[in-house]
Amino acid sequence: MSEAATEAALSQDELIERIASQTVNTEIFDVYTNTRKEQQRAVKGQYPSMVAVGRTSKRVEFVGMVETAESLHNLYAAGQRWKALSPLQAGMYIYVPRGYCADARTLCLRETIRISDFRHYWFDDDGLHIEKCFA
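468 is the number of the first residue of the sequence shown in the numbering used here; add one for each residue after it.
The hints are simulated quantities; they were obtained by calculation from the structure and are not laboratory data.
Be careful, since some hints might not be right.
No farther apart than 25 Å at their CA atoms in a straight line, the calculated lysine-lysine pairs in the PhoX-like style are these [as the list claims (entries may be wrong)]: (1) Lys550 x Lys599; (2) Lys550 x Lys504; (3) Lys550 x Lys511.
Quick list of the computed label-pair ranges, beta carbon to beta carbon [claimed, not checked]: (4) Asp593 x Pro554: 37 to 47 Å; (5) Asp593 x Gln547: 28 to 38 Å; (6) Glu494 x Gly566: 24 to 34 Å; (7) Asp570 x His596: 17 to 27 Å; (8) Gly521 x Ser488: 15 to 25 Å; (9) Gly521 x Asp592: 32 to 42 Å; (10) Gln547 x Asp592: 28 to 38 Å; (11) Asp592 x Lys525: 35 to 45 Å; (12) Glu537 x Gly594: 30 to 40 Å; (13) Lys525 x Gly566: 15 to 25 Å; (14) Asp592 x Pro554: 37 to 47 Å; (15) Ala536 x Glu494: 24 to 34 Å.
Note that beta-carbon positions come from the ideal geometry of N, C-alpha and C, so glycine has one too.
Turn these sequences into a full structure, and let the hints steer you where they fit.
Have a look at this one:
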């Protein structure tokens, strides 16, 4: 199955769940996902895709926004979603499909949106892969 077909076959909700399960260490964090189907944890009135709360500290340690090619169709609107979370006293990670890193980073620099890290994801015969955009 091609990368585009695999991504299209997954709903954004399923993608959020898979990225959360692959990227968050559940031994030290409780992870909450906010999907269209179920919103589990708000942060300052916003519902980022993922919220990681320290098991010991009980505070929000980081949030993650999972974007798809479709949700990035209007990059400015995506940036406004990210900007609303920018003032948090927690790490913020943006997950975009492979090929969108530079556009996402440029938007954040132009709009002064504070991001801890950019990650990109893609699919191949071995499944879902996630890596830092800029090493």
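Okay, the hints, checked on the actual structure:
no.: 1; hint: Lys550 x Lys599; verdict: holds (20 Å)
no.: 2; hint: Lys550 x Lys504; verdict: holds (23 Å)
no.: 3; hint: Lys550 x Lys511; verdict: holds (13 Å)
no.: 4; hint: Asp593 x Pro554: 37 to 47 Å; verdict: holds (38 Å)
no.: 5; hint: Asp593 x Gln547: 28 to 38 Å; verdict: holds (35 Å)
no.: 6; hint: Glu494 x Gly566: 24 to 34 Å; verdict: holds (33 Å)
no.: 7; hint: Asp570 x His596: 17 to 27 Å; verdict: holds (20 Å)
no.: 8; hint: Gly521 x Ser488: 15 to 25 Å; verdict: holds (18 Å)
no.: 9; hint: Gly521 x Asp592: 32 to 42 Å; verdict: holds (36 Å)
no.: 10; hint: Gln547 x Asp592: 28 to 38 Å; verdict: holds (36 Å)
no.: 11; hint: Asp592 x Lys525: 35 to 45 Å; verdict: holds (41 Å)
no.: 12; hint: Glu537 x Gly594: 30 to 40 Å; verdict: violated (21 Å)
no.: 13; hint: Lys525 x Gly566: 15 to 25 Å; verdict: violated (38 Å)
no.: 14; hint: Asp592 x Pro554: 37 to 47 Å; verdict: holds (41 Å)
no.: 15; hint: Ala536 x Glu494: 24 to 34 Å; verdict: holds (33 Å)
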